[in-house]
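Colleague: Now for the letters of each chain:
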Amino acid sequence: MQFNSTRQGMAWLHTWLGLILGFVLMVCFFFGALSVFDREIDRWAIPETRFDPQPMPSFDNLLMGVFERIEPDEAEYNRMMPKYHDASAGEMTPRLELPADEYWAYTTHRDPVLRMGAGFRVPFPADTEGHNHIHGNTTIDPRTGASVPDHHLKIGSEWFYPLHYSLNINWNFLGFFIVGIAGFFMLVALISGVWIHRKIFRELFTFRRHKSKQRSILDMHNMTGVVALPFHFFFAFTGLIIFVAFYYMPVTNTMLEPLHSAQQEIEAQEMGLPHKRAGVTAPMASVDAMVAEAKRRWAARDMAGEVGFLQMHHVGDQNAYVSIYRAGSDRVALVGEGIHFNGVTGEVLREDPPHSLAEAIGDFLAGLHLQHFEHWFLRWLYVIGGLLGCACIATGFMFFVEKRKQQHAKAGSQGSRVVDAFAVTTVTGMVIAAIAMLTANRFIPAATEGKGEIEKIVFWSVWALSFLHAAWRSAPVALAKSNPAWKEQTMLIALLGVVAVIANWISTGDHLIKTIFTDPYWAVAGVDLSLLAGSLIALLTVKKMSAMNETQSKQEAGQEEIATGETAYE
Amino acid sequence: MNEAAWLTIAFVLMLLAMSWFALSLKSHWKQVTDGKPASRILRSLGWFCVMLSGLACLQADHASMAVLVWAMLSATAAFIVGQVLSYRPTLLRPLALFRA
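Chain order of the listed sequences is A and B. Just so you know, we're using my numbering here: the first sequence kicks off at 956 and counts up by one. Just so you know, we're using my numbering here: the second sequence kicks off at 556 and counts up by one.
Chain A on its own, in the form it takes in the complex (with noise of 0.2 Å):
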């Protein structure tokens, strides 16, 4: 390839990285978007758990009952015990007999439910070094205990939320490490998009809606990729550097992982935490206390707060300890302000010092994308951001579309009929399959076994439904014109949108009176009226895209008739 200028080189880049890319991009940036309010988003799915949010309840009163009623996961058991287990040492241990090593639990400000877990040690343990836990996890209504159904599946924290950093494809971590690749050349469509607009800040606020197609969409991916630039360089760079170490370039367990472990030791003995079981059966103390100890230190350091995580290593031996983190609601950084006491005497063990000005940068930069800080307003500004990405990425594909077709359609050329539908597939495709996701999930009774199971089904199947339509509808591209699927697909969302507010107030009676006025309760009545504001920009946008049909028509019909007239006076 030879280009004449870097300006040309960096437009190519561009161009052909934006377009392979953006398919991927698009869903980090709108699943991402929703993830802000995943919380918010579980309750709506999860009618039983529309109740405030709670603190962390009493250890000794409530959790350690629940704790001791986990069972290890089945799956898990079946996969990776025959792993852990040293045949040669006994008999392998039945999964309910597995002795527990750890408990957590965790919870935020936005959370009514308490989500636990325990690790499972395992007794004849083939490498004696490892860690080898199998784990098993519960989500509990805190104010009884009583736990939520495991088949009803957290559409936002553990379907929408995954989405946008993994796609959802768990199998080698294959769509973490497409994420990584796209969240990298984000960066690259960033620089390279900068360099090649040549009028940046002389151009910010430009969008001129009047000039020709290809012009305003340009106008519109240039402004929501310009405005909201900070927003954009920083999610993608925080992005990475959130996984960095964990997936995409895990050095400490590969290269350097000798390094590691010493290293690992030398903190474990500074830091003066058991680094393994006694072997001595013996009692825990009071976690009660020990929180109302750790909940005094923060005081006392003029950070008050409550518990957001709770850790109990090495249940039930001599050598057990609790770690008591903060739950970081005031503040940006993901700190825990982690103090650890011992599991038998109740004393203080350690109190975490106070991070280094590399680690508070770090803290900062990863607080700042997962955003654990209390701040709805903050949060609503996000979702714009997100959004107004997005917007840059549709207007992008829509961009190439337009440049390409006329010259596609003269050449006979299919290229630009096969973007643009696997573009209506990403943009107005995605929508209706988060939106069609949540309307199932309103129409699945509670009890169905296999809910979540079939909710994801809808999501997948909606989702290619809506490839098959915009693929099937696409030949007027090639022709040079627009694609039906667009608006075919906008309307249906603004159709579903609506369908989705009223299945949520028949099957659970919350309509938007009540959760806005009589009883208030934000969570429900937000996802509501995104719900219906995502209706009514689609119904504008239909409407526009009318107008705009129209106009060209008009437009075409009056330059055939000029051709037929010339033919005539010919």
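Among these hints, one or two may not hold up.
To be verified - No farther apart than 25 Å at their CA atoms in a straight line, the calculated lysine-lysine pairs in the BS3-like style are these:
#1 A:K1406 with A:K1442
#2 A:K1166 with B:K585
#3 A:K1168 with A:K1469
#4 A:K1411 with A:K1509
#5 A:K1166 with B:K591
#6 A:K1168 with A:K1038
#7 A:K1168 with A:K1442
#8 A:K1154 with B:K581
#9 A:K1154 with B:K585
#10 A:K1365 with A:K1168
#11 A:K1168 with B:K591
#12 A:K1154 with A:K1436
#13 B:K581 with A:K1166
#14 A:K1509 with A:K1499
#15 A:K1358 with A:K1498
#16 A:K1436 with A:K1498
#17 B:K581 with A:K1038
#18 A:K1231 with A:K1038
#19 A:K1166 with A:K1365
#20 A:K1436 with A:K1499
#21 A:K1406 with A:K1168
Stated by the list, open to error - Taking beta-carbon pairs under 7 Å as the criterion, some of the chain A residues facing chain B (in silico):
#22 F1160
#23 R1164
#24 V1182
#25 A1183
Worth flagging that the hints you see were computed from the coordinates, not collected in a lab. Using N, Cα and C, we set each Cβ at its ideal position, and we do this for glycine too.
Keeping the supplied structure of chain A fixed, place chain B upon it in accordance with the hints.
Modeller: The following block gives chain B in isolation, referenced to the frame of chain A:
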């Protein structure tokens, strides 16, 4: 004053700032009114409001949070001003203060 009030002030200031940045450009000034803008004065006014908006954010939140709110407000405000210029440019006429 409470947090919501400071955030509202920060938002309004950022909208003013972005409007003046836009008006300092000849092409946008022409959309709003006739004549030519006193670009330097308008731009300085814009920067002044950006700073004031930042101070208002600091009144509402912890510094680390305020920085994020400030950056996100600038994006939102710039987008809104861009749309106003496209759909209802005359709304900005009261702000077209300094003619060259």
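Colleague: Against the structure shown, which of the earlier numbered hints fail to hold, in ascending order?
Modeller: 1, 3, 4, 6, 11, 12, 17 and 21
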